[in-house]
Amino acid sequence: MWLVYKKELLEILRDKKTLIFSILLPTLIFPVLFFAIGKFTANKTEEAENKEIKVAFISSESLPGFADLFTREKGFIKVELESDDFQSAILDKKVDYIFEVPEGATLPSNSQKQEVLKVYSKESTKLDNILGKRVDDVVEAFNNTQRMELGRNFDLTTENVKAFNKPILLEENNFATQREKIGEFAGPMLAYLLIALAVSGAMYPALELGVGEKERGTLETLLLTPMSKGQIVMAKFGVIFTASFFTVIVTLLSYLFWVWIFSLFAMDSSVAADPDSLTGKQSGGGLDFLSNISSLDLLLVAVLLVPLTSIFASVMLSASIYAKNMKEAQAYMSPIFMIGFMPVIVAFVPGMELNVKTAMIPVTNVALAMKDLIKGTVDYGLITILLVSTAALAGGLLYWTTVFFKKEKVLFRS
Amino acid sequence: MIEIKDLAKTFAYDKKEAKKKKKGKIVTDPREGEGVFHAVKDVSFNCKPGEVLGLLGPNGAGKTTTLRMLSTALQPTAGQILINGHDVTKEPRYAQKQIGFLSGKTGLYHRLSVRENVAYFGRMHGLSRQQIDERIEKIFTMLDMHSFAGKRADDLSTGMMQRASIARAVIHEPKVLVFDEPTTGLDVISAKTVLDFIQSYKGSEMAVIFSTHHLHEVEKLCDRVCLIDLGETKFFGPTKEFAASTASGSLYDAFLASVNKKEVA
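Quick note, the sequences are listed as chains A and B, same order.
Counting from 1, one number per residue, gives the positions in the first sequence under our numbering.
Counting from 1, one number per residue, gives the positions in the second sequence under our numbering.
Only chain A is shown next, with the shape it has when bound in the complex (with noise of 0.2 Å):
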């Protein structure tokens, strides 16, 4: 067997595109292509944060103070419109936002009435939701002015009118730790990324080592050795499942890696690092959350990928076996890949949670219990349930290839 398992392996290695697939891509296209991703994002936000936003204002002498809160605030230039098309205006891009002060207003302060101001512009991206924020807290800003000013109209003290404002207002003293927060969105991140690696990872090999030598007239000499059925699928099985084990686990220590050098880069740049921030700007948090995972847990995250690389490894050894040719193959393959992925989007809605139940449940389990490795939230009870039920599922679906691959319907299948 270990004949046939090397072989396959030192064929697979002279392999440029699993080479490719295998290192390359995990252990530098992915990390550099993150974290351009999050720089540009990062630039991006940036840019939105420091844009100067054209503001103009219709009948806004009613409302004293109103458009000088705007020109006094940073980022923020006032314009004349040209005409009364405000859409024209806006779709042009030669103002931001229109403040349009109906006839007749009046400071609130003075009426005591609340004014409606009408505010025309163009928000469809989340780079204008942060420039609307910026102009919700100008507009923030007037309001307690006005709120003060009605204050001191009723004799009111500050005390009051925050009361007034805010009857309770909660000071919050969240428990979760920072490890948990992060966990929260790097956990699902993290399954999400090691899953579609580990059944990818399988993909290409299993074509190789079934359809592949089927179309080859390769596996038709190798049954007619000394070797027996069962010994050859086992090492073929092997083959794969090494595949997809190492891709993973070289992208999980590149991401390690890779997220070392970043944070020194970042440290060098004398990036303030804020350790509540979950943006890509603060990448120097990325080592200090990483530190708080234990080695045993990353170990269990790479253990959990066992099993889950087995079950793949057998379905897509099955399927490839199966198939007449190459074309056949894929075309069983993009939807193992759906059906498989399927669970991992399911662990991840929100209520779902690892318990009993959930731990039995292939695939959503592994994801489910990532997650919590990442947050430091599992439940090693648990997961002691999820690799036996998740074992015992690889081992079955390894006992049936291995019968699949001794039906003669299967080897020549035409």
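Possibly wrong hints are sitting among the right ones.
Simulated restraints on C-beta separations [stated by the list, open to error]:
no. : chain 1 : residue 1 : chain 2 : residue 2 : range
1   : A       : M352      : B       : D14       : 33 to 43 Å
2   : A       : D15       : B       : S250      : 20 to 30 Å
3   : B       : N59       : A       : V349      : 51 to 61 Å
4   : B       : E32       : A       : A196      : 39 to 49 Å
5   : A       : L298      : B       : E134      : 44 to 54 Å
6   : B       : H216      : A       : A331      : 36 to 46 Å
7   : A       : A196      : B       : K16       : 32 to 42 Å
8   : B       : K16       : A       : M189      : 37 to 47 Å
9   : A       : A196      : B       : E134      : 48 to 58 Å
The hints are simulated quantities; they were obtained by calculation from the structure and are not laboratory data.
Where a beta carbon is used, it is the ideal one built from N, C-alpha and C, also for glycine.
The hints should help you fit chain B onto chain A, whose structure is shown.
What follows is chain B alone, placed relative to chain A:
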């Protein structure tokens, strides 16, 4: 010595295929039964050491299925296959060690060199490294393969590929050589290499079964022939006797006269 007695192989259609066949209600082959196909119904022949036996028959006659049963890839439904008195179905490992198989379709591992390919199959047959080195030296010299021994299989010409396939098939020094249409798709020079190789085993202690559609190759190489048609042995005997069964004395005419006319047409 190979002895094949009353060999039969039946394949069951899967439900979808059976339904399709039933719906069509057109029986195109008398071997089709209710949900089954009798690929081989009754085949018998034998082949002695030093002999080259020609296996003839039109496409779909059951030749490849017979050879697959002989090589243990398929299990017979009925009948017996003996190699030196050992029952192939009961002792498949013995049979696999005795048989060398080569067809026009059997390939090599493309990312391994010729030498690695041949050595791999030697190891699969349980040979030691020393035995493999000695045999590779002998076979590569015989087939003039030293010049491309280090080349990867995906860089070989068709002729080189076929020589490498021969080397792969005989590395374990089998006592029975099975050639299933080995010259199909080969140019004249490559085909000659294969035919010369088969010729070289005539009179040796090896029994050679040679399945082909090229009757001139049979005339040149085979002592006896076995003609299979519709899964049954139609003739088994000396090649000359088969050719003499028609007035013209030609193997070609004898073949046409013996097989299912519809199939030939």
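Against the structure, the hints come out as follows:
no.	hint	verdict
1	A:M352 with B:D14: 33 to 43 Å	holds, 39 Å
2	A:D15 with B:S250: 20 to 30 Å	violated, 51 Å
3	B:N59 with A:V349: 51 to 61 Å	holds, 56 Å
4	B:E32 with A:A196: 39 to 49 Å	holds, 47 Å
5	A:L298 with B:E134: 44 to 54 Å	holds, 51 Å
6	B:H216 with A:A331: 36 to 46 Å	holds, 43 Å
7	A:A196 with B:K16: 32 to 42 Å	holds, 33 Å
8	B:K16 with A:M189: 37 to 47 Å	holds, 43 Å
9	A:A196 with B:E134: 48 to 58 Å	holds, 50 Å
The structure is inconsistent with hint 2 alone, although it conforms to all the rest.
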